[in-house]
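J.: Residue strings, one per chain:
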Amino acid sequence: MEQARAGEYDAFVAARWSVLFHLARLLTGGDRHRAEDLLQESLVKLWFVWPEVADGAPEAYVRKVLARAAARSARRRWWGERPVEELPETAAAGDLSAAVAERSRLESALAQLPPRQRAAVVLRYYQDLPDHQVATTLGCPVGTARSHAARGVARLRRLLADVIEPVG
Amino acid sequence: MDHFERQLAQLMHSTQEHRAFEAGHRERLRAGVRTRRRVRTARRAAGSVLAVAGIGLGLFLWPHAPGSERPSAPRPRPVISPAPTPSSSPGPDDSPSAPPSSPPVTRTPSPRGTTETSLPPSASGSSTPGGPPTGTATATFPGTATTEPVTGSASPSYTSPAAG
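The listed protein sequences correspond, in order, to chains A and B. Counting in the numbering used here, the first sequence runs from 1 upward without gaps. Counting in the numbering used here, the second sequence runs from 1 upward without gaps.
It is worth saying that the hints were derived from the structure and are not from the lab. Think of the CB as a built atom: it goes at the ideal place given N, C-alpha and C, for glycine as much as any other residue. Take these hints with a grain of salt, some might be off.
[Stated by the list, open to error] Here are some, though not all, of the chain A residues that point toward chain B, as calculated from beta-carbon distances under 8 Å:
#	residue
1	Ala14
2	Ser18
3	Phe21
4	Leu26
5	Gln40
6	Ser97
7	Ala99
8	Arg103
9	Tyr125
10	Val153
11	Leu156
12	Leu159
[What the hints assert, rightly or not] Here are some, though not all, of the chain A residues that point toward chain B, as calculated from beta-carbon distances under 8 Å:
#	residue
13	Glu8
14	Phe12
15	Val13
16	His22
17	Leu43
18	Val44
19	Leu106
20	Tyr126
21	Cys140
22	Arg157
Given these sequences and hints, build the entire structure.
T.: Okay, structure coming up:
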């Protein structure tokens, strides 16, 4: 019984790891280590409710835990960063591909949003969720979720003006 | 959804890089599950210990609770009517204000519908229950006991013998 449960759980995690990690990374504004921690924490929680949600929507459960944890943990001031005298690694000019540069711009722009706006934008435009599901995931009214997403997009519109070229 | 929003959605999807679920991730996940299981077990054990301690403390303090020494019924109020005249009817201010050591006064309903009051013989005084109703009553108690004449209202005030 336990083996079967572990097998199904492992199969789900292996199949959805890449998508869930990208979601966590967007929710944290590109912080890879925090994204890994958040995803790990969410998947550990999933393990304990796996018998209840395995036949339903386990990914929706992980999404909800991830989004709420990202909004909550982003309020903390200290994320475990320590000042150092020299930068650990610097990017050499010309070694970044266009895709990586684009992703960096997107993540740095997302990092400038307040956590709830960022979560609403990511759920709305990356997970393609309608407004009421964004509200359910974030645990807020539909109008609040819509407002968060609209304000986040308005700010991203200014931040990413040179990346996403306007029509015409 | 306008052009910018479509571009934003496309950008979010296109920047996704494939990352395989590796053995290191699995081991880390297993370790996290074990840690969380231990924490849950410890928290449940601590909760059980606290619950048992609370119940034990409650049972220990239960017989000594001050509420257990309360009387089962309210203390009976003294039945007294200091009304001096036999035909006086109890009014709303007919509350006994005499000390508990005052002589008992019994009230018997008369066939005429009025209440007759009789004092015991030990209460020596100058009150004359059988006298004509004058509307005032004077009760004298041993010592200083002089009471104010009661006119109409049946709430005499007594002076304590020890006070004089």
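J.: Indicate, hint by hint, whether the structure satisfies it.
T.: Taking the hints in turn, this is what the structure says about them:
1. The interface hint given for alanine 14 of chain A is met, as the beta carbon of that residue sits about 4 Å from the closest beta carbon of chain B, less than 8 Å.
2. Below 8 Å, beta-carbon pairs count as interface contacts, and serine 18 of chain A has one with chain B at about 5 Å; its hint therefore holds.
3. Hint on phenylalanine 21 of chain A holds. Least Cβ distance to chain B is approximately 5 Å, under the 8 Å limit.
4. Hint status for leucine 26 of chain A relative to chain B: holds, with the closest Cβ pair at about 7 Å, below 8 Å.
5. Among the interface hints, the one on glutamine 40 of chain A holds; its C-beta lies about 6 Å from the nearest C-beta in chain B, closer than the 8 Å criterion.
6. Taking 8 Å as the C-beta contact cut-off toward chain B, the hint placing serine 97 of chain A at the interface is violated, the least distance being around 11 Å.
7. The interface hint given for alanine 99 of chain A is met, as the beta carbon of that residue sits about 7 Å from the closest beta carbon of chain B, less than 8 Å.
8. A cut of 8 Å between beta carbons decides the hint on arginine 103 of chain A: the least distance to chain B is about 4 Å, and the hint holds.
9. Interface hint at tyrosine 125 of chain A: satisfied, since its Cβ lies 4 Å from the closest Cβ of chain B, which is below the 8 Å cut-off.
10. Interface restraint check for valine 153 of chain A: the shortest CB-CB distance to chain B comes to about 6 Å, inside 8 Å, so the restraint holds.
11. For leucine 156 of chain A, the shortest C-beta to C-beta distance to chain B is roughly 6 Å, which falls under 8 Å, so the interface hint holds.
12. This hint is violated: leucine 159 of chain A has a C-beta 11 Å from the nearest C-beta of chain B, more than the 8 Å allowed.
13. For glutamate 8 of chain A, the shortest C-beta to C-beta distance to chain B is roughly 14 Å, which exceeds 8 Å, and the interface hint is violated.
14. The beta carbon of phenylalanine 12 of chain A comes no nearer than 10 Å to any beta carbon in chain B, farther than 8 Å, and the hint placing it at the interface is violated.
15. Interface hint status for valine 13 of chain A: upheld, as the beta-carbon distance to the closest one in chain B is roughly 6 Å, under 8 Å.
16. A cut of 8 Å between beta carbons decides the hint on histidine 22 of chain A: the least distance to chain B is about 4 Å, and the hint holds.
17. Evaluation of the leucine 43 of chain A hint against chain B yields a held restraint, the C-beta minimum of about 6 Å falling below 8 Å.
18. Restraint check, valine 44 of chain A versus chain B: the minimum CB separation of about 4 Å is within 8 Å; hint holds.
19. Taken as an interface hint, leucine 106 of chain A checks out: its beta carbon lies about 6 Å from the nearest beta carbon of chain B, inside 8 Å.
20. This hint holds: tyrosine 126 of chain A has a C-beta 4 Å from the nearest C-beta of chain B, less than the 8 Å allowed.
21. Proximity of cysteine 140 of chain A to chain B is violated relative to the hint, the smallest CB-CB distance being about 21 Å (cut-off 8 Å).
22. Given hint, arginine 157 of chain A at the interface with chain B, holds; its Cβ is 6 Å from that chain's nearest Cβ, closer than 8 Å.
In summary, the numbered hints that this structure violates are 6, 12, 13, 14 and 21.
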